[in-house]
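Chemist: Once you've looked at the hints, go ahead and assemble the two chains, each given alone in its own frame, into the complex.
Now for the letters of each chain:
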Amino acid sequence: MTAPHADQLIDGYLARLDAAAGDLPKAARQELVDDVRAHITEARTREAEETDAAILNILDRLGEPAAVVAEARERLGIRAPQPYRPGLLEVLAVILVPFFWPIGVILLWMSPAWHWRDKLIGTLVPPGGYLGLGILGLAAAHSGSGPCVIVSDAAGNTIQNTCQQAGPSWLQAFIAVALTIVIYALPLVTASYLAIRLRWGRQPQPGIASLRMERS
Amino acid sequence: MPVPADGLVSQMRRGALEYCVMALIQHSPRYAFEMIEALGQTGLLTTEGTLYPLLSRLRRDGLVKTEWRESSDGPPRRYYELTAEGRRALAAFRSEWTSFRASVDGILQEGKKS
Chain D
1001 MTAPHADQLI DGYLARLDAA AGDLPKAARQ ELVDDVRAHI TEARTREAEE TDAAILNILD
1061 RLGEPAAVVA EARERLGIRA PQPYRPGLLE VLAVILVPFF WPIGVILLWM SPAWHWRDKL
1121 IGTLVPPGGY LGLGILGLAA AHSGSGPCVI VSDAAGNTIQ NTCQQAGPSW LQAFIAVALT
1181 IVIYALPLVT ASYLAIRLRW GRQPQPGIAS LRMERS
Chain W
19 MPVPADGLVS QMRRGALEYC VMALIQHSPR YAFEMIEALG QTGLLTTEGT LYPLLSRLRR
79 DGLVKTEWRE SSDGPPRRYY ELTAEGRRAL AAFRSEWTSF RASVDGILQE GKKS
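For the protein sequence lines, the chains are D and W, in the order given. Our numbering numbers the first residue of the first sequence as 1001 and each following residue consecutively. Our numbering numbers the first residue of the second sequence as 19 and each following residue consecutively.
Pulled out of the complex, with its shape left as it was, chain W reads as follows (with noise of 0.2 Å):
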């Protein structure tokens, strides 16, 4: 049987990382290598220079803001931290992913039954 529409699947993970990646930095601040190792072992982020595009867009839509700080281990690093208007986008995401999934879950299970 063919792997069903892969496209399908692929926009749900592109869609699906942006709040992943707010999630990750709801309690403490974090770079974004940082973000890339804890992604890494999810399969979510297949390609890492793709962090980059997503982390400006959540940037520049007032989700996330950044700052530059110095490290005592490496170069300066540049730490992404949610904003409030974030904080209220990742939590509509988490109730709206909770039932959908709860939903999605419930019909695939039936399905299975019969």
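Extracted from the complex, chain D is given alone in its bound form (with noise of 0.2 Å):
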């Protein structure tokens, strides 16, 4: 007889330890992971009649992934992964996002200090720091003088004019001001963002830390 959740809690302590083992070479990664789960497949034929708790008794008796991994990482002869103390390079990124763009994005990819998805939000929100700005609001000031165009027939009756204003002065205005706060915020607020996520990387890894001091 199967257990109910048999597949669901094997499933999940091998997931457990296959990311535990992620700095492992890949080859012995591998082998550890395969041997494990040739070891739950060996004892689960052992069970008279298995039960969710019986496997739950295999995952035990096997340990923690992390304390299964720390064993091969010293059998292995490989240091556990310093957890990384964010510095200067991540000080300088955080300021040239917004100010200096390229050089901060250049520098926020090359730090580890952040996930891919904060450095992705850092380089595109908003494009190109205020740098990108001044140049989108060239480029949008001219495009609002661009298309006004007056036609004129022969008599000097205007028959089409472009340059007429789309709403009221005061909505036009609120608007401009708005945006302009808006969008010279923008960039301080992603620095701060990353400034945040960057004190949440600095938490060192919980497991590994803690097991080292047990053994220690």
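FYI, nobody ran anything at the bench for these hints, they're computed from the structure. It is possible that some hints are incorrect.
[Stated by the list, open to error] Ranges between beta-carbon positions, derived for each pair:
no., chain 1, residue 1, chain 2, residue 2, range
1, W, Gly25, D, Leu1088, 35 to 45 Å
2, D, Arg1061, W, Thr84, 17 to 27 Å
3, W, Ser28, D, Ala1015, 25 to 35 Å
4, W, Thr65, D, Ala1015, 30 to 40 Å
5, D, Met1110, W, Gly25, 31 to 41 Å
6, D, His1115, W, Arg87, 37 to 47 Å
7, D, Ile1103, W, Ala110, 51 to 61 Å
8, W, Gln127, D, Pro1112, 50 to 60 Å
Heads up, the beta-carbon is just placed ideally off N, CA and C, and yes, glycines get one too.
Modeler: Okay, here's the thing in structure tokens:
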């Protein structure tokens, strides 16, 4: 008889083991996961009546994935990955992303302190930082005055005038001010966001760190 | 009184386990689960999963070799067998351990008497 949640429990354990073994050489990682999978298969054949509890006991006896991987690291002579400590690179990246976009973004992608998702956000929101906004603003100003065309007939009557304002001027002014505030605040918001995400990344990986402390 | 040098004991246990595993397969090849069952009573192996990194290392160091075999009552099993080099290493440890144990025992007994 198969336990109702056997596959779920076992797959979950193996996935955690595989994730914990992320820094091992590929072959060693694969072998470890394969060995443990074979172990579980073997252990299951010895259960007279397989229940979820029996599966959980098998996994408990195997030990925490982090402990198994710590052992593998020690036997392989691999040092546990040290938590990355952000430094000058990250400070410069946060400052330069809004104010000197291309260099800031290069630094941002060089640093291992951010998740790739945060790097993408830092790169794309807003595109180009203040430099990009300046170019964007110039382009907008240019296009604003560009398509204003007055077409008159021979008698001087205006046939077509695209210069007419689309709405009341106070609304336009309000939108312009609001847009300016938002646009100029955005790069700072992005920089603040990156700074916050950086602090989260600073926390040491709990599993490995606590394990190492127990061992020493 | 606090437990003396817990780190040392666990290091000794780890070191000794390597040779205990080799001793388990000195007469005939065994598969990992059999070794775990044999070690189960001794307290040398508290988390079963840690045996696999140990076996991998023994194999990489050329002290054991492995072979998959079909079994009649379960899934295919990977059997571990001592190599000639493994036998030499085990023999060296055995003599080393015997004299080490005798020395330590001697001193500890001495300490008890006084």
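Chemist: Does the beta carbon distance between Gln127(W) and Pro1112(D) stay inside 50 to 60 Å, or does it fall outside?
Modeler: holds (56 Å)
Chemist: I want to verify a distance hint. Is the separation of the beta carbons of Met1110(D) and Gly25(W) within 31 to 41 Å?
Modeler: holds (39 Å)
Chemist: Measuring from beta carbon to beta carbon, are His1115(D) and Arg87(W) in 37 to 47 Å?
Modeler: holds (45 Å)
Chemist: Please check whether Ser28(W) and Ala1015(D) have a Cβ separation lying inside 25 to 35 Å.
Modeler: Once the Cβ atoms are compared, 28 Å apart, the range 25 to 35 Å for Ala1015(D) and Ser28(W) holds.
Chemist: So the hint says 51 to 61 Å: do the beta-carbon atoms of Ile1103(D) and Ala110(W) match that?
Modeler: holds (60 Å)
Chemist: Gly25(W) and Leu1088(D), beta-carbon distance inside 35 to 45 Å?
Modeler: This hint holds: roughly 37 Å between Cβ atoms.
Chemist: Starting from the range 17 to 27 Å, see whether the pair Arg1061(D) and Thr84(W) falls in it by beta-carbon distance.
Modeler: holds (22 Å)
Chemist: Does the Cβ-Cβ separation between Thr65(W) and Ala1015(D) fall within 30 to 40 Å?
Modeler: violated (19 Å)
Violation of the numbered hints given earlier is confined to hint 4; every other hint is satisfied by the structure.
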